[in-house]
Each structure stands twice: as C-alpha cells, then as structure tokens.
Amino acid sequence: MSYRSDERPHHRGGGGGRGGHRRRHNREDYNDHDRRVESPEQILKNAILKMGEVDPAQEVSRLANQIREHVPVAVSAISEGLRVGVTEQPYKIPYYAAVLRLLHDPTPPPVGDGDAAPSTSSSLGKQVLEDFWKGFQNYLDKLAWREIRLCIHFFAHLMVAQVISIESMTALLQSFAAVLDEFGVSYSRGKGAALCAAEGLMISGAVIKKSSTPEISDIINAIQTYNDSIFTSKLLVQPMISLCSDVTALENTNELLDTALTVLRTLDAADMVDSLTDFPQPYLDLPDLDPTISSPFELPSILVPPEVIELDGLATDAGEDAQVKKEDWPEYGIRLFDDTVTPSPITLAGFIVRSNLLDMIDIFEINRKECARLLLEYPKWCVPDTFKAKPGAPPSEDESAGKNWQLESTLIETILSCLFALPEPAHKSIFHIALITELCKLSPSTVGPAVGKSIRKLYGGLSEGLDVEVARRFAEWFAVHMSNFGFQWVWKEWVPDLVLSEQHPKRAFVRRALEFEIRLSYHDRIQKTLPEPMQNDLNVMSGQAPGPDFEYEDPANPHHDAAQSVVNLLRGRSKADEVLSHLDSLKDSLDTSGIHMRVDSLVRSIAVQSLLSIGSRSFSHLLNAIERYLPLLRGLASNDEAKHDILSSAAAFWKRNRQMVNIVFDKLMQYQIVDPTDVVAWTFTNVAGDRHLSGMRPLSLSAFEWDLLKGALDKANGRVMIARRKVAALRKEQDDSIARAKARDGADVGSMEVDAEVKPIKQDDVPAESPQLTTALKAFVSLTREQKAALSRTIEGFVSCLAPSPSDAHQNPYAQTVVTEDAWENRASWGADEWNTWETWGWYRHFCRMYSPYLRNYATTLGTVGFVKIEGTTTPAALLMMKTWNIATGQEA
Amino acid sequence: MANVVQSLDQPSNYKDSQTRIERQKQHELLSKSTTLYIGNLSFYTTEEQIYELFTKCASPEDGGGIKRIIMGLDRHTRTPCGFCFVEYYTHAEALASMKYVSGTKLDERIIRCDLDLGYKEGRQFGRGKSGGQVRDEHRQDYDPGRGGWGAQAQRLEIERRREVEERYADAQDGPGAVAGGGGDWKEADGGTIPGSALKRGRSPEDEGDNSRMAHRSRLDDFEAERM
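Chains as they are written, first to last, in the numbering used here: chain V, 3 to 895; chain Y, 996 to 1222.
Okay, chain V solo, but in the shape it has when bound (with noise of 0.2 Å):
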C-alpha cells in the first residue's frame, strides 16, 4: 500500500489554512480529522494512551508527572484517555493502576507559583476516577460487557494499590453475583456478569479475603450455581463430540466459566494467597499510603441495568415471534499443548493471560496487521520471564522462577480456540486465519514451527472425536493458510494413514482440505504438491482438474442431438418462448419413440444441462445465462418435481465441482427458480438414494451436504432479515411523516420532541398503512412461512437419516450403534459407513446449535412436526435426537 499517505498528518503550526490546499492534497481527504492540529488535551491524552511503548515499568512516573504539570489541570481528558486506555489496550490496566495511585497521591509541594490546588481539595486521582465512573456507568447502560469488565479490572488494581476501598470493590462484585440469581437469567448476561465478578475476584481476591472472607466464598457460590444451571448446553458445543456421554470436561479442552471457577477455588483453598508472580503489579514497589491523609475512594454501589430488548411486534403468520436474538453459549477453549508450553487456564497466571490475549484479539479485530503486532509484543507487558525470551535475546537473571511460556504456541492456541468456538466464532473465520497469516509474514521463524505443531496435534485429534465443524473450520483454515505460503506443507507424515476407511475423519480431512486448496489454486499445482502415494488415490484427490460434466455432450449419448439442438438455440439467443417451445416438440417426439420412462424429467435435464453448458465458462457466465433465459427457467420449474429436477441437472453437470454446485443452488435460489426449502429436500432426497453426490453410503452427509443445507437455510433466513428491515425502514418512514405532518399542523411543538413516541396518535391522525408497507408486511409473512418450511423439512431430513422409522425405505443400521460408548471405543474398526453416520450425527448436532435462536422461535411447531416419527420411541437414536433438540431449543434445563 505504499501510495497511502505516509506521512502521519500532525500539520502543527504551519502556515497555510486547512480547507485551502484540501483540494491539491485530495489523497488524505479521508483522514482529515485526523489532520486536525492537536490541542494540548489530545496531546495529553496520546500520551495516556501511548504510555510504555518503550518501558512500561519507567513511563508510569513520567507520565504520571506530565499529568501534574499539565495546567490547567484536565480531569475529563486524562479520565478519558484512562477510559480509552483500559477498554482498548486491557494489558496495560496494571500500569494505568499504578498511574492513578500516584495521581492519588497527597500532592508534592507546589514548586514556585501558589496557584497551585489546596491540599484541602480531594487528590487528583480522586477526580479522575469520579469522572472515569461516569464512563463506567455509560458502559454499563449499554451493558457493555467486555468494557465493564476491564473497567473492573482496572478497579480491582486500583483497590489493590489502595486507592479505592475494599468494601465497596467487594460490593461491586457482588452486584455482579446478584445477576446471576436473576430469574430466567439469559446466558450473554450471565456469562458477562460472572466473568466481571470472577475475574475482579482474581486480580483483588488476597486483599478482599484479608479483611472479609464470607463475601468471596458467597460471590464464589453464586457463580458456581450459575455455571452448574447451564450444565446441558455445554453438551452441545465442546470442540469434541461426544455422542454418548455427558462428561462436560473432555481432554484437551476447557470452557471459560469452568476454569475460572477452578481456579477462584483453588485460590480460595490457599487463603488467595498473593502471587506476585501471576501478573504484573507495579503499584506494589509504591510505598504504603497513610489512610489518615489519603482515605480510598468509595465506588458508588450499582445496579446492573436489565437487558432492553426491542420488540418490533412482527410476527409469523401463526403469530410467532420471529425476532431472531443469539444468545452466547459457553464458550470452550482447544489445549495443543502441554503445561509447559502454553499457559494452563486453570492457573490464575495462565487465566489472566488468555483473558487478556482474548480480549486482545476481539479489541484489534478492525486491525489484523496491528492485532498480529501487538500481540507478539504482549510479553513486555506481563511478569518477568512470563514467556521464553526471543532467541538470540540476551538471558534473563532468573529464568528459573518464570513460567517461560512459549509466545508463539500460546498465541496460535488462543486464536484458533477463537476460530473453533461453536456454534459460530465472535468474528469470521478469516478473520483469525488471516491473523494467524499476519503472525507468519511477522515472524516466520518463530510462528511457523507453532503452527505447524499445531495443525499435526489437530490433526490427531480427528480420530478421538474432532467436532465435524471444528474439523470443517480447520480443513478451511488450513488451505487458505497453505493459500498464503506457497501450499508447502509436509504431506508425507500423512501417508501412512491412507489404510484408514475412506471415510475416517483424517481421510475426510485431507480431502477436504485438498479440494479447498483447489479452489483457490489449480488441480495441478496442488497435485504436484502431493507425495506420489497420495497423488495417485483418488479417495485423495480426484484425478481431473474439475470441470463441468456436460452428460449430452458425448455423440454417443442417445440424447445427442435433442441436447444440441437446445445448446444451439441458446447460444443463438433464442428467445425464451421458442426454447420452451422448442422443448415441447421434443418431448412430443420422445413421448412417441418410446425410449425414456421420465420424458418431463429427461427434457428439463437436456435443458439445464445445455444452458449450464452456455453458462460454465465462469461465475459472470452462469448469471448471464440464467438471467437472459429466467422465464425458461420459471417455464421449467412449474412444480416441486420439476424442481428437484433442476437441482438434480445441476448438481449432476456439476459433479466434478462441488463449489459449483454451490453457486448454482445459490443462484437458484436467489433468482427464485427454486426455494430454500426445495434445496434442503433435495439434499435429503440425494444422500438417501444410490447416487449419493459424495460417493457416501445412503442416509449420511459430510460437509458438502452440510454446506448445501446452510445454503439454503441462510437464505431463507436472511430474506426473513432483509423483509424485516424493510418493514422497520417504511414504518419509520410512516412514523416521521405523521410527525411531519402534526408538527406542520400545529401541534404543540414544544412536547412533540419530547415524546413524540409515547405519544398516543389520535384515530383520526392514523393514515393509511402505505401500500409498500402493505407489500413488505404480506412479504414477511410469506418468508417466515419459508423459513419455518426450510427448518422444519431439515428436521424431517435428519429424523429419516439418523432415526428412521422401520417402515421408511431407506434405513441406515449404523444410526442406533455409532452412539453407544462401546461402538465410540471399538473406533478403531470402524468401517466407512460407520463414520459416515457418526458424521451425520455430528452435522446434526451443528444444525441445532447454529440454527438455535431460529429454533426456539418456531420450537413448539417445528417440534411437533418434525418429530412426529419418532414421539414416544425410545431408542437410543431417537432419545438422542429428541435430547440434542431440547437443548438446542432450551427446553432442557
């Protein structure tokens, strides 16, 4: 990006006007608040937030000084600069803790001038943090949680380094406690408020347990009843599948409230005795202070404001609330690597320095460049030898009383703990796969061995019960990283597992992994970057680049000539009414030759065919050719069969290129030839019969049928998202016109901008509802009846998959045995279609935790509807999908 303004825009003094040369310089036009010559309280505010760049521990005094010398003196901008400092750079709370005590401090004898404040006033520190409340009530309002909580972080410091009292930071927790008894608790707020609680426990515990034990076992409780209330939903969203157990702690994993807890009990246990070695806590080196002349500041006591939702009153046809709100679920985080290695969670040390990486990582997410930066600066921050020192870097004193951490491994396992959260990552996979890339471009050396640990302890971890998402998550990471470093990675370690069944996790993996490696490259260079072994397995990789399969194409093929003469027609850019007429003279003439059972079907099939061929050169062809023939394709798609028909043409045209299978069911959709929910049947209809699309016994999905399913189901759910956002955008419309229109009649002025809202419209005011609002009213209510059909034919495709009833046709034995922790532990044996099914199972699991907040909505009809088969069975299969259902739709406490 080298033609970017370069020159960081601090015009100070100079001469000429601002607005006078904008128009020269019009390449920083988009900067220009920050061109702004900086008054003396940003200066002091830069300064706040750019504090120990160079030597945390040296710039707390210094600037701690330049605030005092600051005159006048500027509470609201050093409290603001604090604000900014400790929401946004959490690593650095320590030291701005150590910054305040010290502007707590009594005053040094004014030097010179008696202007100075009178002792008498309360000290500096005092004032900032009155005015640094008042941002801590904002956030609160908002409920904010992250910012909440590093507030308290900065609170629980500062009452450590004695400026704010101990029982009103106790109180602060416990007000935090107290949201976890609130009834019908949603678990976003409950999760927020016990992480306040609990880590403001962690960082002030030693002091608060000095002085009043009782308070911290009854916070300690509270969080630990919270956290056992929600037992069941953890179930459903631990990294490792386990079908048949309930164990919520499995190995290598760890869920963020559960070792916060350990952790909390452990210190409690040890009477919270003080680690100065756990972090950093450089207000201890101040000398004591005298209560009698600096007495601690008093947080003022809280409540924690209840959540707001705002209702829009829209609703289903049968009078469902359709409001979609996602709730957090527990959040579980992946180990790869041993104690010594990567900080333990369950230690307060390892607890503190993944709370702050995490938040690090949410914080900087708008930057991955500066993300990836200052987290491999992160260990200036921390204790001593916290972390292994840069080689080449000179040695520490006393290297062994740290816990030498490695920098690199704890980074890449944090981040993609993040990437691996189910049922969906606070932010898009790429972003985390493109900030691991940015550690690699930064430091090659050192992040490259880590994340080439990384991937191969992964990869083992496919056989031991992987997550089918995760696994998903990490094919896709891994080639776009590999996308990003010329593909090399060593293949070879892999060969020996070729004798696996074709379908165990690890083999899914690579295949996937490949065909993701494909689409961002080439079939060849890919190929070439294979040992021969695997080069040669088409359970590898397949053995043709992908392409189109156009089935008419070959003059042997009976149909030949019919196929042609449509290709021609198309390329000629026939009008749509002679293709389709076209169309019935050819089925007449197969009618009476006899040769084909389906004639409706074989003639939509030549017709698909032939215009995805016109339409394969590239993604801008197929829309060119599905837009010029629409009406053919609506001519086409007169009835559910003929529908399944299209998709069926398509995904066979397509069989050598699965992402363009996607595409073209997208376009499908999109251009309303077909509906979410004829995807979703036709998915289910496919992996049912012989012609499994993914060479897959029948009645299983892998990722690619996952993959078509979420297709269809998100489009389904983001029309639903669009209509009700054009119904609030003409509703507020509405609602300002009437406002216009009472304020143009007189009404009186002065209470219309007060209460304009609450302000009940006379009758007679009412107007007529707009006609566009009567479309996008009728337009809602139409998609939500799509968007209940879609879920709920997905919940009828898994019963029929996973536990079919006995008069189905189609029956998949593996579905009742894969589930028992015997089968779980003979793994080992397992065949193909054994996998398959544990697969399907996995994908099920998926669907009722990312489509949730959808699920609830619509719980009690999807539920009845949909589980119709399988009401009162009792096998296991049944008992599994009926549990996994009530959790996901929270129906199960």
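Simulated from the structure, these hints should not be mistaken for lab results.
Just to be clear, a hint being listed does not mean it is correct.
To be clear about the criterion: a stretch of chain V counts as covered by chain Y if any three or more of its residues have a C-beta under 8 Å from a C-beta of chain Y, and this derived list gives those stretches [as the list claims (entries may be wrong)]:
| hint | region |
| --- | --- |
| 1 | 80-93 |
| 2 | 517-531 |
| 3 | 559-565 |
| 4 | 568-580 |
| 5 | 666-672 |
| 6 | 808-819 |
Straight-line alpha carbon distances no greater than 25 Å define the calculated SDA-like cross-link-like pairs of lysine to any residue that follow [to be verified]:
| hint | chain 1 | residue 1 | chain 2 | residue 2 |
| --- | --- | --- | --- | --- |
| 7 | Y | Lys1100 | V | Ser445 |
| 8 | Y | Lys1020 | V | Arg337 |
| 9 | Y | Lys1051 | V | Thr776 |
| 10 | V | Lys657 | Y | Tyr1039 |
| 11 | V | Lys657 | Y | Tyr1163 |
| 12 | Y | Lys1100 | V | Gln490 |
| 13 | Y | Lys1181 | V | Ala644 |
| 14 | Y | Lys1051 | V | Asp273 |
| 15 | V | Lys392 | V | Glu426 |
| 16 | V | Lys443 | Y | Gln1001 |
| 17 | Y | Lys1051 | V | Ser620 |
| 18 | V | Lys382 | Y | Gln1001 |
| 19 | Y | Lys1181 | V | Lys657 |
| 20 | V | Lys712 | Y | Asp1179 |
All residues carry an ideal CB built from backbone N, CA and C; glycine is no exception.
Following the hints, complete the assembly by docking chain Y onto the known chain V.
What follows is chain Y alone, placed relative to chain V:
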C-alpha cells in the same frame, strides 16, 4: 475503536479522476458501498477462485452474499488484465473484505481491495493505452502472473494465454452486458403490486439502483479502472 489502531476498513485515498460525482456524494456512496475494487490479480485468476476467497466474508444469514463479480478486461483483447469488481449484497461484507482479505494472497499474489463507488457500465475495461491497466504500462519488472514484462512485451505472451483469452472472447459491452446477480426476493404470484403505479416513497433500495447508474454512465464514456 479507532483510538489505538486504525481500522483497515477505510477506503483508500484513490480518487477516480473520471468520475463526475461530487466529493460529498462520493463519501456518501462509499459509506454504504457494497462493491470492492480488487487489484493486483494475476491475469490467470478465475472468477471462481475470487468467489471462493471472498465468500468467506459473506453473511448470507444477514441477507448477504456475493451478488456478482466483474472481471476487468483488456479493452482490445478481451482478456483479464489484473483487476475485478466484487459486489456483495451488503456493505458490512465489503468492509469485512477490507479487514480480512485485502493484503492477503490469492492465486499466490498479494491482492488489494478498495471500497468502490459501484460498478458502472464500461468500467470492466482497462484504460491503459494498450487496453490493459495503466499500471502495467509503467511496469519495468518481469511478472509472470501479469503477463510477463510490462505492456511492451505483453503481446509475446499471448500464446501462453490462449485459454484465458477464450474465456471472455464473448464479452460484450453496452447496457445489459454484465449480469445483475439477482435482486431482492419478490412475491411470485402477486402480479402487480397494489398501488405500485402511485408515486413511490423513497426506500433504502433505491440507492445504488443499477439501472439508474447504468444510465448515468453514458456520460462518463470510458470509466476507468484504477491505479
């Protein structure tokens, strides 16, 4: 959150020298743009490769997705010349690409994304004298992914590019040459929307309406690719 670090989702300082849109209006368009200009592509990169990478920033559950991709073509040879436009359905997706994809590799080249005012007819063609991108005419180095030695030697590479060349041989210009990609869902059987003949209120969808944009672009004759 731009206090400590600057977000990567800001538009660059590029200014389309041939646009006739006022600066104020440009800011406004960029602040809700769903279109990205993608630069530094290999001449061999396919739309499907682009789709694969950019779909990772899509949010279909929020009504998004890739609407269309418009491959930048050499005006004369109708072959890809190293840039394209990716159009999403939502602004947030374009911002996500700025944050997560710009500056990473596609087809082994570091690509660059920029928020764009929106595709207009004619912009699919390069505006360099040779027909390709202007920047390739200034290039002195050998770049196999971009057709070899700058523009002077470009012709020598033509044989090698046969396959790519044929792909877009049928590329058209003029109105309707580029597919729209599919719009919002519409009620199928409703026929005429009641009251649609009446004066229409403004709705968010009206902005960036492609047909209107296409109309305007006639004025701009050769709208250009970017440096």
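Taking each numbered hint in turn, which are not upheld by the structure, reported in ascending numerical order?
3, 4, 6, 8, 9, 14, 15, 19
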